[in-house]
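K.L.:
Listed in order, the protein sequences are those of chains P and D.
Mapping of the first sequence onto the numbering used here: residues 1 to 449, in sequence order.
Mapping of the second sequence onto the numbering used here: residues 450 to 806, in sequence order.
Since the hints were derived computationally from the structure, they do not count as laboratory data.
Fair warning: this is a prediction, and the values are worked out from it, not measured in the lab.
There's no promise every hint is true.
What the hints assert, rightly or not - When the alpha-carbon atoms are kept at most 30 Å apart in a straight line, the in silico BS3-like pairs for lysine-lysine are as follows:
| id | chain 1 | residue 1 | chain 2 | residue 2 |
| --- | --- | --- | --- | --- |
| 1 | P | K6 | D | K786 |
| 2 | D | K556 | P | K34 |
| 3 | P | K330 | P | K298 |
| 4 | D | K556 | D | K627 |
| 5 | P | K298 | P | K327 |
| 6 | P | K309 | P | K262 |
| 7 | P | K6 | P | K190 |
| 8 | D | K627 | D | K607 |
| 9 | P | K382 | P | K438 |
| 10 | P | K89 | D | K509 |
| 11 | D | K484 | D | K732 |
| 12 | D | K482 | D | K550 |
| 13 | D | K550 | D | K504 |
| 14 | P | K34 | D | K786 |
| 15 | D | K550 | D | K577 |
| 16 | P | K89 | D | K577 |
| 17 | D | K484 | D | K607 |
| 18 | D | K578 | D | K589 |
| 19 | D | K589 | D | K556 |
| 20 | D | K786 | P | K89 |
| 21 | D | K627 | D | K577 |
| 22 | D | K547 | D | K786 |
| 23 | D | K547 | P | K89 |
| 24 | P | K89 | D | K556 |
To be verified - Stretches of chain D that chain P covers, calculated by requiring three or more beta carbons in the stretch to come under 8 Å of a beta carbon on chain P:
| id | segment |
| --- | --- |
| 25 | 628-638 |
| 26 | 675-686 |
The beta carbon of each residue, even a glycine, is placed where N, CA and C say it ideally should be.
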Amino acid sequence: MSIKDKVPVTILTGFLGSGKTTLLNRILSEEHGKRIAVIENEYGEVGIDQGLVINADEEVFEMSNGCICCTVRGDLIRVLGNLMKRRDKFDYVLVETTGLADPGPVAQTFFMDEEISSEFTLDGIVTLVDAAHIDQQLGRSDESSEQVAFADVLVLNKTDLVSDDALDTLESRLRDMNRMTRIIRAENAKVPIETVLNLSAFDLDQILKRRPTFLEPEYPFEWTGVYDLDAGKYELILEEGPDPEMSLVALVNQGESEEELKDGAESSVRLYAEKANTLEPGNTIPYGEHINLKLEDKGNKSFILNAEKPTKIGLFTQHTAEEFNMKVIKSIENKEIPFNTERFWQAEHEHDDEVGSIAIERFGDVDPEKLNTWMGRLLSEKGVDIFRTKGFISYSGNPRRIVFQGVHMLFTAQPDKEWGNESRRNQLVFIGRNLNEKEMQEGFDKCLI
Amino acid sequence: MPDIEPFSPRGMFHDGWTAEVNDYAIACGWALKGKQFIVGDVAGGLFAFEGDTGKIIWEKENTHSGGLLAMAIHPEGEIFATSGQDGYVQICNCHEGKVIKTLDLGKGWVEHLKWSNDGLFLAIASSKKVYVFNEIGEEKWISEDHPSTVSAITWSNKNELATACYGRVTFFDIVNNKTNQKLEWQGSLVSMELSPDGDIVACGSQDNSVHFWRRSTGMDAEMTGYPGKPSHLSFDDSGKLLATSGSERITVWSFVGNGPEGTMPGELCHHTEPISSLAFSNKGMLVASGSRDGSVVASFLKKDGNGDPVGAAFAGDLVGAISWRPDDCALAAVNAKGVVNVWEFKVRTNLFSKGFK
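Chain D on its own, in the form it takes in the complex:
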């Protein structure tokens, strides 16, 4: 094994940097192609750090009165959007954090923000409505009222937006103002992820199950037996594996072959308390998980959904959010005490020195 280089005995998590924000950190993400790391706290504080060193670049307080609820960084990484209990959405530039545009959506909490993959649209969910704006903050589309508060939104392709609420997932063509598809299920859907090709729709449900549909065939299935509700879901970039929370274990469903119907999921038992955040690496079958107990683990998975931990660290308190740097060579975790941890993530070989392939 001539490829192996000596590395720190701590495993794959190497020293990076730590920093602190002012309150419970609930959102984070990488901007400017990994050169910057932005963290939002529950009180509405926003903080931008240098991606390599953790040096503070700018910070802002009280960006949303009542508190911050969501943050989304534009795929190009030059701008980002935030929303809060005040009913406002702000689009800001990453370099200085300056507000470019403020959108007033009325009284309700604005809980979800998602940029389309090409970055042309920003989808916003507030109470029972979903709005789509363009990059410069012009309104492009508004949904009718959903039957209940919208609990998740995600883009299935560049013009198609999926929304989840109590009882159904709906696909909207936002350019032609059409409803493309409705998937119904009597249950409160609390989370939603789509496979990268947009065919598989996975939703965590309040009744402690994961429900999923294949859009191409209309087939659906329900995965039950979770001790808690699966609030966190993540697909790997190939769409073969779906990692789900819902207990202290990570349950991984494999869509290889005829699965996951009738198969046993992979189970990763690394944490002592329920999973509070979950993210696959941008490339490869590497999943990072954070727990209420403050532990962060990265696991390398096989096609059947089972796998082994390849590194772990302690983040100090409940992990509020977790994020891979775009090159997968660093992993960030923010916690309930406002502590930011960024670890360099290194691999063992010379051949694949930039994350897993």
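Chain P extracted, bound-state conformation:
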């Protein structure tokens, strides 16, 4: 049976109160042409008439060998084993776990049990997060950080109950923990269905076609402010701050919606990749260029901003405005123009959570044997703490890219498209608990040729 004939399964996790049942009801009631069978572990308020709903107690079965990757969910095996005989009745399965469920055994069930894996394919893991409470939950329970770590999609729900600043901070905390995941903000679990179903998250080939990298961008800037400016001359004034220089990109016509901010951020990321032009105080800041402000002098430093016509200017700055008490002043009136919107970005910084992501990106080829040995040892020693692994590798002598993924110690690798003219590189992402980034990077570097 090819993957196309297999029934896709989405796992829905999240703490009690995160909005799983609301999302489930939304999915079931929406017109999407799918006949969905639901396996529920929590007695929720799903309307039975809306589809095939089966209640089952969570039964986590560990094996005598003590191997964590062999741990499966017995209830799912039983229920799915029966469901597969009713394939005319449904074409999609949703598994809703309890708030305390460990997603590992749920995911492993679809790889470890041959009868299940021959009929079903794990499409993705969707974790709902209650924006108002997740901060506390992450501190208190391993389960909630594991649910974040396993997620292919994180729905940051109940955003209406939390300030934008707090959301930005939260998003960057979650992103730290899981850099592979896609984060979607939602009120009342209102998300487009296509962002949670049919993700093919375990079909790396597909994913890489849609998104050439597993990693969500880590931004080279920490802050964006959008200023609504009339035509005229303005000054950007910075006081003494933590750094004798600061990188910046200024964009014209910068929108203020989340989407527009992200678009702006993407453009800025590309501009930041170019070499910066250094600007002395008193110089005019060009738009759409990576520049580096010289801030060595004592006291206030001033740079010129010109608006030829009324526009919204987006400043994407390496540090936050606060750190330099940065202000925009309209020159003639000597009046401060406050920003309309600000947005903080994930930047490289200390990781507070035990659960985190480690990314390794290297150009060049690896020696397959060395990599196997290293990976084998890593997973056997740290497999319990490594929740998800994804990546692609360039094997020396192999014209095709090798894509791989894992859940704990379970690991699959397969050849993907040919490299062609693309420069050969490797990207590995590990999500886990207490992983030693330096050690892992050094380990991988030894596999490079």
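Keeping the supplied structure of chain P fixed, place chain D upon it in accordance with the hints.
P.N.:
What follows is chain D alone, placed relative to chain P:
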């Protein structure tokens, strides 16, 4: 070899009859001493056919809302029981299919049914509990909650019931409400068979192994190396051979001598896809196997567990269940498309014209 009679070149499987039920056929069995063949489909349809001709005698739809999960025909063959996702068990008469008694066991799926050999008791497993009723549907015994959903039940003697679940097999004296024995093993037991004398307990495990215990000595052993989980097990009537699924091969462990510990099992490689049903004949060392690829094979085994095929047929699709007629002169297979195949099963000799001795 004067005993040999000419027979069809198709081998031991001779034309019998075919029929169709409405959905994926998951259970089947012979009633009224082989005069009737009953088939249950996953949607809850029940169908009774004349054993010789395949003519429909009665049929019923939607006997269990949500679907049928198990069916067991009483050893005398006059009544049978069914259970389903609706939490009900129905005891019906075979002649007309009429419901004699309905038992309401609550919310959980009722997944396993087993009549005791003397037919006095019906054991029922639903979620973590096991119930015993008598023939007329009176409750005789209920177990405490097991640590997990009960995955298999079987009678070890007339008053003793064995249950399997995650981590253990338990033997209950259901008349005196006593636990006779607990056999523990950290693993998810997915199937269980007892040798006819009740001494050997064999369980297929989720970790792709077969675990067995000898009750008399307390010795246990684990047979590993299966590519898949051995969901189907069958002992021959002498208790010497245990046939197991778990891949496209049938692996047969021989308990002759000091085996099977330290011995190589017999392996029968007749199918191209994993075994989906397995049944020894009522008498003799003849094992029938059905596969996901739709093939049905009967193999004659030697004491060491090896053997040769003596007949094969194609049943059309994944074989959901397989059943020997009580006299072993016919073999039935039902498949995932709802097709019922019954073959006359003939032997080569005049002397043993009624199945293998």
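K.L.:
Hints first: check each against the structure and report whether it holds.
P.N.:
Evaluated hints:
1. For the hint pairing P/K6 with D/K786, the CA-to-CA distance comes to about 18 Å; that is within 30 Å, so the pair holds.
2. For the given pair, D/K556 sits about 27 Å from P/K34 by alpha-carbon distance, which is consistent with the 30 Å threshold.
3. Using a Cα cut-off of 30 Å, the hinted pair P/K330 and P/K298 holds, with the two alpha carbons roughly 22 Å apart.
4. For the given pair, D/K556 sits about 26 Å from D/K627 by alpha-carbon distance, which is consistent with the 30 Å threshold.
5. Between P/K298 and P/K327 the alpha-carbon distance is near 17 Å, which keeps this suggested pair within the 30 Å criterion.
6. Only pairs whose Cα atoms come within 30 Å are accepted, and P/K309 paired with P/K262 is accepted, the gap being roughly 24 Å.
7. Using a Cα cut-off of 30 Å, the hinted pair P/K6 and P/K190 holds, with the two alpha carbons roughly 28 Å apart.
8. Using a Cα cut-off of 30 Å, the hinted pair D/K627 and D/K607 holds, with the two alpha carbons roughly 14 Å apart.
9. Note on P/K382 and P/K438: the hinted pairing holds, with a Cα-Cα distance of about 15 Å set against a maximum of 30 Å.
10. Annotation: proposed proximity of P/K89 to D/K509 holds, straight-line Cα distance about 20 Å (limit 30 Å).
11. Between D/K484 and D/K732 the alpha-carbon distance is near 19 Å, which keeps this suggested pair within the 30 Å criterion.
12. For the suggested pair D/K482 and D/K550, the alpha carbons sit about 22 Å apart, so the restraint of at most 30 Å is met.
13. Distance check on the hinted pair: D/K550 and D/K504 sit about 27 Å apart at the alpha-carbon level, within 30 Å; holds.
14. Restraint check for P/K34 and D/K786: satisfied, since their Cα atoms lie roughly 23 Å apart, inside the 30 Å limit.
15. Between the alpha carbons of D/K550 and D/K577 the distance comes to roughly 23 Å, so the proposed pair stays at or under 30 Å and holds.
16. Taking the CA atoms of P/K89 and D/K577, the gap is near 27 Å; set against the 30 Å cutoff, the hint holds.
17. Taking the CA atoms of D/K484 and D/K607, the gap is about 26 Å. The hint holds against a cut of 30 Å.
18. A distance of roughly 14 Å separates the Cα atoms of D/K578 and D/K589; the hinted pair therefore holds under the 30 Å criterion.
19. Taken as a hint, the D/K589 and D/K556 pair is honoured in the structure, with Cα atoms around 20 Å apart against an allowance of 30 Å.
20. The straight-line distance between the Cα atoms of D/K786 and P/K89 is roughly 14 Å, inside the 30 Å bound, and the hint therefore holds.
21. Our distance criterion of 30 Å between C-alpha atoms is met by D/K627 and D/K577, whose separation comes to about 18 Å.
22. Under the criterion of a C-alpha separation no larger than 30 Å, the hint pairing D/K547 with D/K786 is consistent with the structure, at around 26 Å.
23. Between the alpha carbons of D/K547 and P/K89 the distance comes to roughly 28 Å, so the proposed pair stays at or under 30 Å and holds.
24. Between P/K89 and D/K556, the direct Cα distance comes to roughly 22 Å. Compliance with the 30 Å bound is thereby established for this hinted pair.
25. Remark: the segment 628-638 of chain D is confirmed as covered by chain P, as 4 of its residues place a Cβ nearer than 8 Å to a Cβ of that chain, reaching the required three.
26. Residues of the segment 675-686 of chain D with a Cβ under 8 Å from some Cβ of chain P number 4, which satisfies the need for three, so the listed coverage holds.
Hint compliance for this structure: no hint is broken.
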